[in-house]
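> Here are the chains, one letter per residue:
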Amino acid sequence: MSHGNTDQDRFKILLMGAVDNELNADERKEFERLLADNPAFKKEYQEYVKLKEATKNMKFKNPPAELWDSYWLNVYNRIERGLGWILLSIGCIILLTFAGYHFFRVIVFEANLPLIIKISIFSVIAGLAVLLVSIVRERIFIYKSDPYKEIKR
Amino acid sequence: MDTVESTIKPGIPAGAFAIENDRQAIISCQQGNKQAFGFLVKKYMQRAYYTALGLVGSHENAVDLSQDAFIRAFRAIKKFDAEKNFFTWYYRILRNLCFNFLRDRARHARSFSEVGEITINSMPDESQNTAVMVERNELQQKVWDALAKLKKHDREIIILKDIQDFSYKEIAEILDCPIGTVMSRLYNARKALKAKLERFYA
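Chains A and B supply the protein sequences, listed in that same order. 153 is the number that the numbering used here gives the last residue of the first sequence; the numbers go up by one with no jumps. 355 is the number that the numbering used here gives the last residue of the second sequence; the numbers go up by one with no jumps.
Check the hints yourself; a few may be wrong.
[As the list claims (entries may be wrong)] Subject to a maximum C-alpha distance of 30 angstroms in a straight line, what follows is the list of computed BS3-like cross-link-like pairs (lysine-lysine):
1. B:Lys302 to A:Lys50
2. A:Lys56 to B:Lys196
3. B:Lys195 to B:Lys322
4. A:Lys56 to B:Lys344
5. B:Lys237 to B:Lys295
6. B:Lys231 to B:Lys195
7. A:Lys61 to B:Lys196
8. B:Lys196 to A:Lys59
9. B:Lys304 to A:Lys42
10. B:Lys196 to B:Lys231
11. B:Lys187 to A:Lys43
12. B:Lys347 to A:Lys61
13. A:Lys50 to A:Lys61
14. A:Lys56 to B:Lys322
15. B:Lys305 to A:Lys50
16. A:Lys61 to B:Lys195
17. B:Lys237 to B:Lys322
18. B:Lys305 to B:Lys295
19. A:Lys12 to A:Lys29
20. B:Lys231 to A:Lys61
21. B:Lys322 to A:Lys59
Quick caveat, the hints were computed from the structure, so don't treat them as lab data. Since the structure is predicted, the reported quantities are computational estimates derived from the model, not experimental observations.
Turn these sequences into a full structure, and let the hints guide you.
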């Protein structure tokens, strides 16, 4: 590697530290020596200082003060609701499985029920399941592809 | 063993107001005290919001994503080592959520600048006249637009350094990489930003 490339690589490393004021005394001296030896480095350094000033002075607009007052409460409520949904879901899954199992047993093993009725009941259940899955899938697709979902209606 | 409960004054419930530092709050959360998490949320909510705002560019999404990240942090807090830096860990959750959000948005052909609100706010400076301030606002607007067009990782590191004002050491900890990598990533990001602001440098 040539001396010029070595200086260039070293300069790049020290440049950010100099712009951000994170160089130690030795690094600062080394950086100043590189600047003194190469006018192109000095120009580049000045450009990055200018850029740093522009980005550093950029501040985000403050949100409404009420946001901070209600922020923790919102997080707390969402944590609690999340727990509620988990418990509700677990309970529903257990109950539905239990009910489904018994319903299935009654239909399959009920000797007095005509076959046509049994087939009809299965048909209704299967139809509802297909419709439910289809609607849920469509809703998810619309939600994901809706370009206006972030706009408040 | 020194537990949080033993450091809380008698008669005062183990709520957020009785907690004095992150470590106490984390241990208390791990012991099942939901209120203790409020200490951490209140301490870091502004930093979290502004970080998310810088990454995703809109107020509503920044609020939503920063709160989501707190909820996920709460759910996983039992696995967290109380001796470590909470915000660094939280930040990793937040950036994953923000990057996933940006990825989903990009999939639907919506760029950062399309959705991103112009949220910059120049600090008032009485020593400068109106023309200078207008010029400065225009410049800041251009910088923001250019920043919005950068790759998300480039934008992230500039926000961490120049807007959030983290040190190299803190950024290295947050991004889980050596300080040298932080410097080279910052150099590449600023180089890309400078290229987008060519007229500014002409």
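> Taking the hints in turn, state whether each one holds.
Comparing the hints with the structure gives:
no. : hint                 : verdict
1   : B:Lys302 to A:Lys50  : holds (19 angstroms)
2   : A:Lys56 to B:Lys196  : holds (23 angstroms)
3   : B:Lys195 to B:Lys322 : holds (24 angstroms)
4   : A:Lys56 to B:Lys344  : holds (16 angstroms)
5   : B:Lys237 to B:Lys295 : violated (39 angstroms)
6   : B:Lys231 to B:Lys195 : holds (20 angstroms)
7   : A:Lys61 to B:Lys196  : holds (20 angstroms)
8   : B:Lys196 to A:Lys59  : holds (20 angstroms)
9   : B:Lys304 to A:Lys42  : holds (28 angstroms)
10  : B:Lys196 to B:Lys231 : holds (20 angstroms)
11  : B:Lys187 to A:Lys43  : violated (55 angstroms)
12  : B:Lys347 to A:Lys61  : holds (24 angstroms)
13  : A:Lys50 to A:Lys61   : holds (22 angstroms)
14  : A:Lys56 to B:Lys322  : holds (18 angstroms)
15  : B:Lys305 to A:Lys50  : holds (22 angstroms)
16  : A:Lys61 to B:Lys195  : holds (19 angstroms)
17  : B:Lys237 to B:Lys322 : holds (15 angstroms)
18  : B:Lys305 to B:Lys295 : holds (18 angstroms)
19  : A:Lys12 to A:Lys29   : holds (15 angstroms)
20  : B:Lys231 to A:Lys61  : violated (35 angstroms)
21  : B:Lys322 to A:Lys59  : holds (22 angstroms)
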